[in-house]
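Take the sequences, apply the hints, and build the full model.
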Amino acid sequence: MRLLNNRRFRAILYQVLVIAGTVAVGFYLVSNTLDNLAQRGIATGLTFLGREAGFDISESLIDYSAADTYGEALVVGLLNTLKVSLIGIVLASLIGTVIGIARLSSNWLLARLATVYVEGVRNIPLLLQLFVWYGVITALPSPRQALAPMPGVFLTNRGLRIPSIDWNPAYWLVLAALFAGLVGAFLMARWGRRRHEATGRPFPAVLAGTGLTLALTLAAFVLIGAPLALEVPELKGFNFQGGLVLSPEFAAVLAGLTIYTAGFIAEIVRSGILAVARGQTEAALSLGLTRLQVLRLVVLPQALRVIVPPMTSQYLNLTKNSSLAVAIGYPDLISVANTAINQTGQAVEGVAIAMAAYLTISLGISAFMNWYNRKVALVSR
Amino acid sequence: MRNDEQPSATADVEEPSAAVYPPPGEAGPMRLMGWARRRLFNTPTNVALTLLCLWFLWETVPPLLAWALFNAQWTGTPATCREATGACWALVGEKHRLMLFGLYPYDEHWRPLIATLLLLGMLGVSSQRRFWRRGLALAWVAAVAVMAVLMWGGVLGLRPVDTTLWGGLPLTLLLALAGIAVAFPLSIVLALGRRSDLPVVRAVCVGYIELIRGVPLVSVLFMASVMFPLFMPEGVTVDKLLRAQIGIILFTAAYLAEAVRGGLQAIPRGQYEAADAMGLGYWQKTVLIVLPQALRIVIPPMVNQFISTFKDTSLVTIVGLFDLLTSVKASLADPEWRPFFIEAYVFAALIYWCFCFLMSRYSQRLEEDLMAGTRR
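These protein sequence lines map, in sequence, to chains A and B. Take the first sequence: its position 63, counting from 1, is numbered 63 in my numbering, and each next residue is one higher. Heads up: take any position in the second sequence, counting from 1, add 381, and you land on my numbering.
In short, the hints are calculated from the structure, not lab data. Warning: the hint list may mix true and false statements.
Computed beta-carbon distance windows for the label pairs [unchecked claim]:
hint: 1; chain 1: A; residue 1: A352; chain 2: B; residue 2: V536; range: 26 to 36 angstroms
hint: 2; chain 1: A; residue 1: V98; chain 2: B; residue 2: R418; range: 18 to 28 angstroms
hint: 3; chain 1: A; residue 1: Y28; chain 2: B; residue 2: V587; range: 48 to 58 angstroms
hint: 4; chain 1: A; residue 1: F179; chain 2: B; residue 2: R677; range: 19 to 29 angstroms
hint: 5; chain 1: A; residue 1: T47; chain 2: B; residue 2: M613; range: 21 to 31 angstroms
hint: 6; chain 1: B; residue 1: W533; chain 2: A; residue 2: A367; range: 43 to 53 angstroms
If you're wondering where the values come from, they're calculated on a predicted model, not measured in any experiment. Every residue gets a Cβ at the ideal spot worked out from N, C-alpha and C, and that includes glycine.
This is the structure in structure tokens:
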């Protein structure tokens, strides 16, 4: 009895009980699972990853055919998830920032329109929006009657086709020049900052850096004789050939994810800007900074501190939400894992692999954004 | 005083007061002109933006109205709809019972209807703070019992209806509400565990919360639907609805736990120390001092979580449950009606939107009300 009243003993007792409970539940579930699997004659283990998958995947970033293994099929799914998530994150950030700033506009009409967008998009389930986009895209005319909003761009029920640039080996030189320009711009910005700190004379780093990069790239392009060959999609038989193609599924998932997440990002950007006290802007203006300088040097650095953490969780949400692609047939990780589960019956392994992959992506994005957050966070002196 | 350039989400931008602008003596149309000049045409950029917005509205609103209202077909068959240039609301008229109640036996639709209305009524009553007292809990118990009897049947001469036939809006509401209601106590335990001094308890709770928050709901639902049957001992089967419901609960609990943790962290240290000084034990301190204060802070984020869960229930379509979205999709199974999918989705979107928008406004108001006492 006296032992039970001892604080440290009770702490240890509770923890032992928690461990015992967790282990007991885990053991119960695992033993049931093993019994069930044995009874249904389902193999366990990860050996199925090396077997032939036997199903096709409609779009892939790497070479894949039905003769390849389950492991490769899952990699294809993972790459598709990453592709749609990365492009979605970039687009949603751009659109969201524009809408967020528009909501704060002094223009009444613009602010109202932005509000309608945000309230409309955020309050309708993403899955429903995906169904609508997919329905709209597949209801487009067939390739023979394709919509052509711009020359060379075709909207059809088989997807979106745009002209692509023929790859020319000489382009490597242009890419090298672009890289050299970026490095030069970075070095120049560092030198400019040093000079600014040392002498007080400012240096227009952004302008000069952009100019240097563009000039170098253009010079290289002219140097190789400016070979620009566009491959324009052409109607051959029942579908277009050539050019760059976005499948209906990919286009629908991308549109849905981007538009939905942009609504949330807009609110984050808006609250971030509102969090910067108005006195800051006024003080900066009274110091004689221009509007652009105020935004770049005073408002944005402070707003970013508020914006980055919630933005991280929106990026994570977008990545996780890309799993809804399974509902409209975009071959993302979940969709491929689901097919693999149905074919092999190895549900535990399939779900575990998918979950582990998402956890890894989540941790990766968190780590990157935490690093960025530390960079923009307030440095207390 | 709110600044003119910072319209807030909650309130309309305040009109400039008559005393400030325009000068006394001007009224009516002049005042409107003054307002337009200030809010729409004050700088060259704003003139351009206004014109751009007006052009956008001119391009979108009239065709939209023509489609949705003036040229719409309110009754009729797919054939008459194909003739018309506008929306085919006849589809909603024809299929609304399938959309709202899913596969529930057609003759018994009055039962989910009454259950849903009862639920909405209870939600309406519960949203008013003056009814927040013990009687409300009893009323909820009674209401849940009545709803269960209505939905399941099997007593009082009601035909039994299997859960596999449940569907539509009642199912969506059930998944969301039961999800939140069961996840709530679980989330308190998880949040307390995450802040516990005992390293093992903390590790288990952190592990659970971060694991669930790191994976998509779809994968949790897949786990619930394909792995759950394997977890159960032989001969025990858990029905599909319950499996999905458990998936939603497990998922919601992790997110809610973070909201509760936010509330726990907002309690000033002095409260904990004062409770310790008075000689209260851990549970006394938690139940009597910490939780009552923390949970008040947590109510608005909880309503927001409820909105998320409400929208997320649409994912159960992926594991084959007949929620509102699936039912609406099922109403398009008829190839005759299929071309009018937009109308069906608009109907579903309006239902979801109304619920979510009302709840988000409610959560904002509640936040202001509850914070009124602590505002300095």
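Going through the hints against the structure:
no.: 1; hint: A:A352 - B:V536: 26 to 36 angstroms; verdict: violated, 43 angstroms
no.: 2; hint: A:V98 - B:R418: 18 to 28 angstroms; verdict: holds, 26 angstroms
no.: 3; hint: A:Y28 - B:V587: 48 to 58 angstroms; verdict: violated, 23 angstroms
no.: 4; hint: A:F179 - B:R677: 19 to 29 angstroms; verdict: violated, 57 angstroms
no.: 5; hint: A:T47 - B:M613: 21 to 31 angstroms; verdict: holds, 26 angstroms
no.: 6; hint: B:W533 - A:A367: 43 to 53 angstroms; verdict: holds, 49 angstroms
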